[in-house]
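Using the sequences plus the hints, can you model the full thing?
Chains as they are written, first to last, in our numbering: chain A, 1 to 464; chain B, 1001 to 1346.
Just so you know, the hints here were simulated from the structure itself, not pulled from any lab data.
Fair warning: this is a prediction, and the values are worked out from it, not measured in the lab.
Note that beta-carbon positions come from the ideal geometry of N, C-alpha and C, so glycine has one too.
Just to be clear, a hint being listed does not mean it is correct.
Unchecked claim - Covered stretches of chain B, going by a simulated chain A footprint (3 or more residues, C-beta under 8 Å):
1) 1046 to 1053
2) 1102 to 1113
3) 1145 to 1152
4) 1310 to 1324
To be verified - To list a few chain B residues with every Cβ distance to chain A over 10 Å, as calculated:
5) 1061
6) 1065
7) 1160
8) 1292
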Amino acid sequence: MTNDLARWQFATTSIYHFFFVPVTIGLAFLVALLQTAYYRSEKPEYRRLAKFFGTLLIINVVVGVVTGLVQEFEFGMNWSAYSRFVGDVFGAPLAMEGLAAFFLESTFLGLWVFGWDRLPKRVHLACIWLVAIGSMLSALFILAANSWMQHPVGYALNSHGQPELNSVSALFTNPTFLWGYVHVILASLVTGSLVMLAVSAWYLRKGREVALFANSARLSVIVLLPVIVLQIFVGNKLGEIETKYQPMKIAAAEAQWESCQPCSFSAFQIGGGKNDKTPSQIIEIPHLLSVLATGEWNGAVKGLNPLQAEYEKKYGPGNYVPDVFIQYWSMRVMAYLGTLILLLGLWGGWLLHRGTLERSKLFLGISVWAVITPFLMNTAGWLLTENGRQPWIVQGLMKTVNANSPSVSSTDIWISLIAFVLIYIALGAADLVLMLRYSRKGVEGGEGEAGAAAEATTTPAMSY
Amino acid sequence: MLHLTTLWFVVLAILWVGFFVLEGFDFGVGALHMLVGKDEAERRVAVSTIGPWWDGNEVWLIVAGAGTFAAFPAWYATWFSALYIALLLVLAALMARGVALEYATKRDNERWLRAWRWALTIGSLLAPLLIGIGLGDLLAGLPINSSHEFTGNFGDLFTGYGVWTGFTLLSLCLLHGATFLKLRTTGAIRGRARALASPLGWAAIALLIGFVVWTRKVAGGPEVPEPVQVLAVIAVIFAARLTAGDHDGWAFIASGVAIASSVGSIFIDLYPNVMVSSTNASFNLTVHNSASGGYALKLMTIVVVIFLPLVLLYQGWSFHVFRGRLRGPPADGEPAATVASPTPQT
Chain A
1 MTNDLARWQF
11 ATTSIYHFFF
21 VPVTIGLAFL
31 VALLQTAYYR
41 SEKPEYRRLA
51 KFFGTLLIIN
61 VVVGVVTGLV
71 QEFEFGMNWS
81 AYSRFVGDVF
91 GAPLAMEGLA
101 AFFLESTFLG
111 LWVFGWDRLP
121 KRVHLACIWL
131 VAIGSMLSAL
141 FILAANSWMQ
151 HPVGYALNSH
161 GQPELNSVSA
171 LFTNPTFLWG
181 YVHVILASLV
191 TGSLVMLAVS
201 AWYLRKGREV
211 ALFANSARLS
221 VIVLLPVIVL
231 QIFVGNKLGE
241 IETKYQPMKI
251 AAAEAQWESC
261 QPCSFSAFQI
271 GGGKNDKTPS
281 QIIEIPHLLS
291 VLATGEWNGA
301 VKGLNPLQAE
311 YEKKYGPGNY
321 VPDVFIQYWS
331 MRVMAYLGTL
341 ILLLGLWGGW
351 LLHRGTLERS
361 KLFLGISVWA
371 VITPFLMNTA
381 GWLLTENGRQ
391 PWIVQGLMKT
401 VNANSPSVSS
411 TDIWISLIAF
421 VLIYIALGAA
431 DLVLMLRYSR
441 KGVEGGEGEA
451 GAAAEATTTP
461 AMSY
Chain B
1001 MLHLTTLWFV
1011 VLAILWVGFF
1021 VLEGFDFGVG
1031 ALHMLVGKDE
1041 AERRVAVSTI
1051 GPWWDGNEVW
1061 LIVAGAGTFA
1071 AFPAWYATWF
1081 SALYIALLLV
1091 LAALMARGVA
1101 LEYATKRDNE
1111 RWLRAWRWAL
1121 TIGSLLAPLL
1131 IGIGLGDLLA
1141 GLPINSSHEF
1151 TGNFGDLFTG
1161 YGVWTGFTLL
1171 SLCLLHGATF
1181 LKLRTTGAIR
1191 GRARALASPL
1201 GWAAIALLIG
1211 FVVWTRKVAG
1221 GPEVPEPVQV
1231 LAVIAVIFAA
1241 RLTAGDHDGW
1251 AFIASGVAIA
1261 SSVGSIFIDL
1271 YPNVMVSSTN
1281 ASFNLTVHNS
1291 ASGGYALKLM
1301 TIVVVIFLPL
1311 VLLYQGWSFH
1321 VFRGRLRGPP
1331 ADGEPAATVA
1341 SPTPQT
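See below:
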């Protein structure tokens, strides 16, 4: 019970945290691009866009920052047995994240927000790039730590049976990490560009500031298209890596109970709940699972049953099959929505090529609503990754059931779970109110030349 | 040769000192901003004094926590799980405060504004108080068994010494915030910061002297205070005295020294323990029985040696860029619309 509650809490807080992180990473990069365009062209519209999207960025950043604090503390609060066991390896990348990434990101964000017209242009541009780099670095360290839980490397067990780090290079060349990191960065760029596209599309549809937002709509499509193409390739590659090191994760994602060769991929299934080993799989696409899991047309995929037998032999009795229902559907949410976004990107690219991007009402209308998809995909991605690791907290080394804090009662966790949910609802509501308000309120400086000139004398929206 | 475990204990002490010196004035400003600013325009100026920095300052806490995790996993595990509900409150306070700092002025709505103003005030009071209690408890001792598990409940966290430490650090943060506000503002806001600094200074002096005496008792050993504790008392007296005059910079430095030496003294008296067990002294967590292996410590030492000086450099630069006083709201008769943008005085 206590363990389950601790898991619920971690899942809730980390999923919530990860609504904001990809927006920060993606949007910081895009704002840096906008400001670079301003720096090089000196066109005032790029400055206005950088400030406009910069305001949306900081509304998001602060929630990402404060909910990240919760994540950092939660290991020790809820998972003290885990922390004690893995701190030697897992703590290092976390501390590196703080020292190398968080300081950078937060200090230069402060300099950027308050530095308009105070810092030399070139220095001020460097500030937003350092924010973007800092946010990407923080993802790097946290994913190195997380990948170690998926596929532990670079350690040896000491006399107490605890893992001790013996190779930092192994930690950062872990294949799960390398592909997982690229996957998350691309996902963040997809998120950021879809946010920018949605806001721009909203203005374009209303016919407000068309000349201005045509620029940001174009930029977001230019970023989105190559990134989503690359992402589909990288996601596929990550699947192969996971099949190699965590075969349960991928077998469960297809609800593949028996081994197969070649293996087909089902488009849908009916059933497949907790004890349903024979769901009806609908529209089977031949060879697709083989290709996804092994990269080969006729690749073999081990089923859950033989894997379970293997694990029992190796680790003793127990259930080693993760929740198949979650695996199956989170894989599909990601794959299907990813495909839709690919189509949207291609469509946008074609409109861009024809020069009608800012006039296509249908495309713009769909783009406004497409902003929901990256959040669903990001969440599905983490569910696939973390649920697929169960019952392990560190694959092969420690089970989740042994990892929670012995001194913390279920009452404690109930209290904190409820508190976090209430606080997060309040933060989410406040964030949403401001995001919508600032998205719609219009861009500083008003329309046209007079507005741009007036901007210089008015208060920046980003100061207090 | 200095052992790596000892070195890491020192690194963590430095991180905690850094956190309180920097975030200390942010807490102080947050807690006092409704008192030094009588209307919304003045409150904006007060909060703007920490605008570019508070987020970077908070990272010191994150790194202190993560550094403890990396260098002393057993300490991190026992401490954070023991403080459970207290840390929940700390997190709530830090969340309320952080979001309030960014969101308060982003909507023209009276209720919205008032809610975030109070969130900022209460969060800024609660966080240093509770973190102070958590630090004091390390030395005071908590019920910890032979397998280093906390066996007490929420009430056990309120050790007498821990609570006194909490209030001492809170009072120092308030004083530090007042000296900071006085340093960075002009006119009425600066005047109110000065007026507040006097009672806050007296309270801090009294609490700090009590803290030093109690620390001697709790730590055992010689009754003579450590040099750093003497320094803390001298510094807080200087800070309280100097705020009455016009030596704003010196007063701020003095309150910074007072807060740094108070936090540092906890760690000096703690070593080589990291967490005292009130159940049995042989169950104490020490730098030896809670540390990571040699490889991890060596790696982290390299990382700290490279990155900490860099951080000091660019954070220092950021302080340099935004130095100078913020001009208060203009006198009567000027349009309110131009009020909200505090600009540095030349």
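> Out of the numbered hints, which ones does the structure contradict?
Replying inline: 5, 6 and 8
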